[in-house]
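Asker: Chains as they are written, first to last, in my numbering: chain A, 1 to 160; chain B, 161 to 412.
No false leads were slipped in.
Pair by pair, the computed Cβ-Cβ distance ranges are:
id, chain 1, residue 1, chain 2, residue 2, range
1, A, Asp-34, B, Asn-306, 54 to 62 Å
2, B, His-392, A, Val-2, 50 to 58 Å
3, A, Thr-153, B, Ala-337, 49 to 57 Å
With a cut-off of at most 20 Å between alpha-carbon atoms, the simulated DMTMM-like pairs for lysine to aspartate or glutamate come out as follows:
id, chain 1, residue 1, chain 2, residue 2
4, A, Lys-133, B, Glu-195
5, A, Lys-80, B, Glu-269
6, B, Lys-272, A, Asp-109
7, A, Lys-80, B, Glu-284
8, B, Lys-272, A, Asp-114
9, B, Lys-291, A, Asp-114
10, A, Lys-133, B, Glu-194
11, B, Lys-291, A, Asp-109
12, A, Lys-80, B, Glu-215
13, A, Lys-80, B, Glu-224
14, B, Lys-272, B, Glu-342
15, B, Lys-291, A, Glu-155
16, A, Lys-80, B, Asp-226
17, B, Lys-291, A, Glu-118
18, A, Lys-80, B, Glu-222
19, A, Lys-133, B, Asp-196
Just so you know, the hints here were simulated from the structure itself, not pulled from any lab data.
None of these values were measured; they are calculated from a predicted model.
Cβ atoms here follow ideal geometry from the backbone N, Cα and C, with glycine treated the same way.
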Amino acid sequence: MVTEAHIRNLLRVVKDPEIPTVSLVDMGVVHRIDLPANGGVHVELIPTFSGCPAMSVMALEVEQVLRKAGFAPVTVAMNKQVAWHSNMISEEGRKGLLEHGLSPPPHYDPNTQDYALEAATCPHCGSTRTVLKNPFGPTLCRAIHQCLDCQETFEQFKPV
Amino acid sequence: MQEALKSLLLSLADDLLVIGHRNSEWTGMGPVLEEDIAFASMAQDKIGHALAFYELLHSLGEPEPDILAFTRQAADFRSCQLVEYPIGEYDFSLVRHFLFDYAYTTRLEALKSGSYAPLAALSERFLRELKYHTLHARTWVAQLGNATEEARLRMQSALNEALPMAYGIFEETPHTAGLVAEGIQPHEQELRDRWLAGISALIAGTPLKLPQPTAGDIRPYLGGRQGRHSEHLQPLLTEMTEVFAIDPAAAW
Chain A
1 MVTEAHIRNL LRVVKDPEIP TVSLVDMGVV HRIDLPANGG VHVELIPTFS GCPAMSVMAL
61 EVEQVLRKAG FAPVTVAMNK QVAWHSNMIS EEGRKGLLEH GLSPPPHYDP NTQDYALEAA
121 TCPHCGSTRT VLKNPFGPTL CRAIHQCLDC QETFEQFKPV
Chain B
161 MQEALKSLLL SLADDLLVIG HRNSEWTGMG PVLEEDIAFA SMAQDKIGHA LAFYELLHSL
221 GEPEPDILAF TRQAADFRSC QLVEYPIGEY DFSLVRHFLF DYAYTTRLEA LKSGSYAPLA
281 ALSERFLREL KYHTLHARTW VAQLGNATEE ARLRMQSALN EALPMAYGIF EETPHTAGLV
341 AEGIQPHEQE LRDRWLAGIS ALIAGTPLKL PQPTAGDIRP YLGGRQGRHS EHLQPLLTEM
401 TEVFAIDPAA AW
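Same shape as in the complex, but just chain B (with noise of 0.2 Å):
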C-alpha cells in the first residue's frame, strides 16, 4: 500500500513543481503587470504545495525534498506532460492554468475525504489557496472568451490544443486500484468526470467550445505518469536544477 501512496505523492508533488517552475517564467514577462503578479504568485503556492508533498514522502521514508527535487533526471519524473510544455503564448499558458488549476481542485477535494489523513489535511488546507487561482482562471477565460473575435479564436486554439494533454493528469497507473481500495481517492476517470462537468459548465458561459471525446478529437497525452516524457521536461529540469548541481550545499 505504501507503494501506491508514494506514487500518488510523487506525482503530485512533480505535478506542481514543474507547473509552479513554468508558471514562475512569466516572472517579469506577463502581458499585464497584475498577469505577472498573478503568474508568479501562483508559482509559489504551487512549489510551496509541491515541497509539502516532498516533505511528506521524506516522512515515509524517501530521501529529502531537495534531493527529490533536484537529482532526478526526467524518466524519473511522474508529472504529467500536460505541466512540462513551454509557456507558449499567454493564451496556452492561461488555458492550461485553468485546466490545470480545475483537476487539482477535484483531486484535492477528493483526498480531502479519502481515508489518509496527512493527505486529507494538506488537501483542506491547499484548497484554500487554490480558490484564488481557479478564481483568476475563470475569471480570465470568461472575459478573453466573450472578447474580441481574435481573442475568441486564440482561447479556442489553445483549448483544442491544451485539453488532450490535459486528459494526461488523469492517467491510470498500475497503483490507481489499490488508492481505490484503500479508499484514499477514487477513480481516475471518475475524477475525470467530475472535472469535465466542473470545467463544461464555466466555458458554456462563453463561445468556446470544449473539444469532445466522443467526436473522437482528443489523443490524451499519457506516459508521464510512468516516467515517458515529451522532449521539453529534461532542459526545464537541467535549468532549475543548475545552481544546486554547481554546489550541493549551498546555502541562501
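Okay, chain A solo, but in the shape it has when bound (with noise of 0.2 Å):
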C-alpha cells in the first residue's frame, strides 16, 4: 500500500536547483499528494517566490521522479491560491541553507516583524551583529548582508 509518506519520501531527491543541498519537501514546496485509485499520483506543488524561474524545472522534475518509480498517470499542478511563506522551510531544509553558506531566515510574521527583514545571522562566525546591505541578491530569494564582527559579506534566505 503506498502512502504519502512514501511518495514525500521519493521526492527527497527533487533539489531546489539553485540551492541543492535543500528539498522541496523541506523547502515546504509540496503542498497536497492525491493517491487515486488507479495507480496514479497528483501532486500539488507551491510556488516560492511569484518570478521564480526556477519552479518549473522543479515540477518537471518531481515528475520524472514519479514516473520513473513506476507511477501512471502522474499529474503535477501550481496551487498559487496558497501562500508560501519561509516559516513552511523545515528544520531539515534550514540546515540545508546553512550548508549551502546561506543564512536561514529568522521566524517571521509579516503583519508585526518589519524588522526582522533587515535581521540575520552570520552563517560564517554566528554573530547576529550584522547590516543588510542590499534586499535583493542574485536570485529572488536571497538578500545580502554583512557581518560587523568577522566582516564577511554573506547571503540570507529572505524571510517571506
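With the hints in hand, could you dock these two chains into one complex?
Answerer: In C-alpha cells, the structure reads:
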C-alpha cells in the first residue's frame, strides 16, 4: 500500500536547482499528494517567489521521479492560491541552507515584524551584529548582509 | 460583475507588466551593481505578479496570458500612464518605484480583505514579496533625500514630476462603483488617501516636500485606465513583443 509518506520520501531527491542542499519537501513546496485508485499520483506544489524561474524545472523533476518509480498517470499542478512563506521550511531544510552558506530566515510574522527583514545571523561566525546591504541578491530568495564581527559579506534566504 | 472584476485584474496586470519591463531596462545599466541587481529583481517579481493576474483573467474566460501580454496594442492596455514613461535618470526611476510600490501595497492590503477570494489569496502572497520593494524604496528615498544638495534637488524634481503621474494610478473607471458595491475594493479616492498618508509620513523624514494638491499644482495624468496613453507605451510594447511577433510558437 503506497502512502503519502512514501511519495514524500521519494520526492526528497528533488532539490531546489539554485540550492542543491535543500529538497522541495523540506522547502515546504509539496503542498498536497493525492493517490487515486488507478495507481497514479497527483502532486500539488505551491510556488515560492512569484517570479522564480526554478519552479517549472522543479515541477518537471517531480513528474520524472514519480514516473521512474512506476506511477502512472502522474500529474503535477501549481496551486497559486496558497501563500508559501519561509516559516514552512523544515528544520532539515534550514540545515541545508546553512550547508550551502546561506543564513536561514528567522521565524517571521509579516504583520508585526518588519524589522526581521533587516536581521540576519552570520553563517560564518554566528554573530547577530549584521547589517542588510541589499534586500536583493543573486536570486529572488536571497538578500545580501554583512557581518560586523567577522566582516564577511553573506547571503540570507529571505524571510517572507 | 464579472466585467468589473476583469477590468480591475487587467489594470493590475498591465501596470505590473509595464513597470516590470521598464525596471528591467536597468539591467546592466544601474548606477551601482547593487541597484542593477535590485531593479532587475523587482522587475522579475512584478512580471511574476502580472502573470498571476493574467492567469486569473484566463480562468475567467479571457485568452492565455501570453496572448494578453503580447498581442494587444497600446489602446487596449489599462495600465496607468506613470508606468509607461521611460526610465529617465535614476532619480526618476527611484521615485517612480517609491510611489508605485507604496500604491500597489495599499491596493493589495485592501484586496487582501476584499470579497473576491482568489484575489485576496494572491494579494496576501504578493504583499510578502513587496515588503522588500518598499524597504528598498524608502531606504534610498531617505538616503538621497538627506544627502547632498544636488541629491536633494534631483529627488525633489523627480518627485514633482512623478507625483501627478502617480495620481493616475487611482483613476476611477465606470467599473469602480461596482467593485466597491461588491466589497472587492474601496473607492479609488479612499485608496489614494491611504497611500498619500503613508508616503507623506516617509517624506516627512527628509527635507523633501510632497507637492500639495490644495495649491493646485497637481494635474493627475488620467486616461490610462481607459486606454489613453502617452506616446511612450506603444514603442515599449513593440520592443517587448518583437520575438513573439516573429514566431508566436517559439519555445525557449
